[in-house]
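Whenever a hint applies, use it, and build me the whole structure from the sequences.
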Amino acid sequence: MKRQKNLVATMIIEHEGELLIDWLEERSRRNTNLMFNSGLFNKEEFERQASDLLKIFTKGLKEDTVLDIATDEWAEMRDYLSELSNDKAAKGYSATETAIFVFTLKKPLFKLLSREIQAHPEQLTNDVWEITALIDQLGLYITERFIKNREEIIARQQDEMLELSTPVVKLWEGILVLPLIGTLDSTRTQIVLESLLEKIAATGSNIAIIDITGVSVIDTLVAQYLLKAVTAARLMGAECIISGISPQIAQTMVQLGVRFTDVSTKANLSDAFAEALKRSGVVVTKRQESF
Amino acid sequence: MDVLRAREVPLTSEYDIARARQMVRAWALEISLGLVDQTKIVTAASELARNTVVHGGGGAMFLELISSEQRKGLRLTFKDNGPGIPDIQVAMEDGYTTGGGLGLGLSGAKRLVNEFVIKSAEGEGTEVILIKWKLVTHD
Ligand SMILES: Nc1ncnc2c1ncn2[C@@H]1O[C@H](COP(=O)(O)OP(=O)(O)OP(=O)(O)O)[C@@H](O)[C@H]1O
Ligand SMILES: [Mg+2]
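Chains as they are written, first to last, in the working numbering: chain A, 1 to 291; chain B, 1 to 139.
Simulated from the structure, these hints should not be mistaken for lab results.
On the chain B side, residues computed to face chain A include the following (Cβ under 10 Å): (1) T43; (2) S46; (3) L104.
These figures come from a predicted structure and were not determined experimentally. Glycine is no exception: its CB is placed at the ideal position from the N, C-alpha and C atoms.
This is the structure in C-alpha cells:
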C-alpha cells in the first residue's frame with residue numbers, strides 16, 4: 001500500500017508551532033528532578049533542537065520512504081542525532097535524559113495525527129502506527145550513539161592511562177626508577193616493563209629500581225613478568241632492585257611460593273636509591289657547616 | 001554454616017579477573033579481615049580467576065559471605081566447563097604448568113587460604129572452593 005508520507009509531513013509543517021509547544025510541555029513534565037536541580041534544562045536550546053529535528057524528520061518523510069533509519073534516506077537524521085548525543089554527553093546529560101528528548105515527541109505527534117485523521121481517515125490510519133515506531137527507532141539510535149560516545153571516551157582515557165602509567169624516570173646518571181602503581185593486568189605490565197627496557201637501552205643505565213609500593217597484589221603472573229624484566233635488563237647490562245614490598249605482600253609471596261632469588265630487594269625506594277648510589281660509587285655526605 | 005550473602009561474578013576476560021579481585025577485596029573489608037589476610041585471599045582469588053579464564057576457557061566465581069559458630073568468612077567457588085584437569089595431584093605440585101606459567105597458582109592458593117577443595121576430571125570442567133575465615137580474637 002502506498003503511504004501518504006507527504007501528508008504527515010505537511011501536517012507536521014503546518015502545525016509545527018503547536019507541536020513544539022506540546023512537545024516542550026511533555027518534555028518539562030518528564031523532567032527529572034536532577035535536571036531541574038542542576039539547572040541543566042534550557043528552554044531555548046530545547047526549542048532550537050526540537051525545531052531542527054522536526055525539519056529533518058519531515059524531510060525524511062517522502063512518498064516512498066522506507067521507515068527504517070538505517071537506510072540512506074535517513075543519513076541526515078542519523079548525523080543529526082549523533083551530533084545531538086555528543087552535545088548532550090558533553091553537557092553532562094544522562095543517557096535517559098538524552099533519549100527522553102526524542103521519546104517525548106511521540107505523544108504530541110500522536111495527538112496531532114489522531115485529530116487530523118478525522119479529515120483523512122483512509123490515508124492516515126496506517127501511518128500513525130508506523131510513525132510512532134519510527135520515533136522509537138530514533139530514540140534507540142540516539143541512546144546507542146550516546147553510549148558509543150561514552151565508550152569512546154573511556155577507551156581513550158584507558159589508552160592515556162596506559163601511557164601515563166609508564167613513567168620511567170632517570171634519578172641519577174645511570175640510575176632509572178620505575179614506580180608501579182595500581183592493578184597490573186597482563187597488558188599493562190607488559191607495556192610498563194617494555195618501556196623500562198627501552199629506557200635502559202636509550203640511557204645506557206646500569207641500575208633500574210622497580211618500585212612496587214603502589215601495587216596491591218603480586219600474583220604469579222605479575223611476579224613472572226617482574227622476573228622476566230629483571231632477566232632481560234640483566235642481558236642488557238643493567239641490574240634491577242625491587243623496592244617497596246609491603247609486609248602483607250611479602251608474607252603472601254612467601255606462601256604463594258614466589259621467590260625473587262638473585263634480585264636485590266629493598267624495603268623502600270629511598271633505601272634502594274641509596275644502594276644504587278653506593279653501587280655507582282657515589283658517596284653522599286652532609287655538608288659540615290663551619291662556624 | 002549459614003550463607004549471609006552471595007554473588008556471582010562472570011569470568012571471561014582479563015577485565016573480569018580485576019573485577020573479581022576488587023569484589024573479593026570489598027567483601028573482605030566488610031568482614032574486617034586484616035590487611036595480611038585480605039591480601040592473601042585477594043591473591044588466591046586472582047590465581048583461581050586467572051586459571052578459570054586461561055585454562056578453563058571462562059566460567060564464574062561465586063562469592064559468599066558465610067558464618068559458622070560465630071565466625072565469619074568468605075567462600076569463593078570458581079567453576080568452569082573447560083577441559084578439566086587429568087591429574088589433580090600433579091597439577092597441585094609446585095612448578096607444574098602446561099601454560100608456561102610459574103606453576104604456583106593452585107599450590108600457592110591452597111597455602112593462602114584456610115580450606116581448599118578442588119574437583120576436576122578430564123572433559124568435565126573444574127571447580128575450586130576456597131574459604132578464608134576471619135580469626136576471632138578473644139579479649
Ligand atoms: N580451571 C582449569 N582448567 C583446566 N586446567 C587447569 C585449570 N586450572 C589449572 N589447570 C592446570 O593446572 C596447571 C597448574 O595450574 P597453576 O595455576 O598451578 O599454574 P599455571 O596457571 O600454569 O601458572 P601460574 O603459576 O601462573 O598460575 C595449569 O598449567 C593447567 O594445566
Ligand atoms: Mg595459574
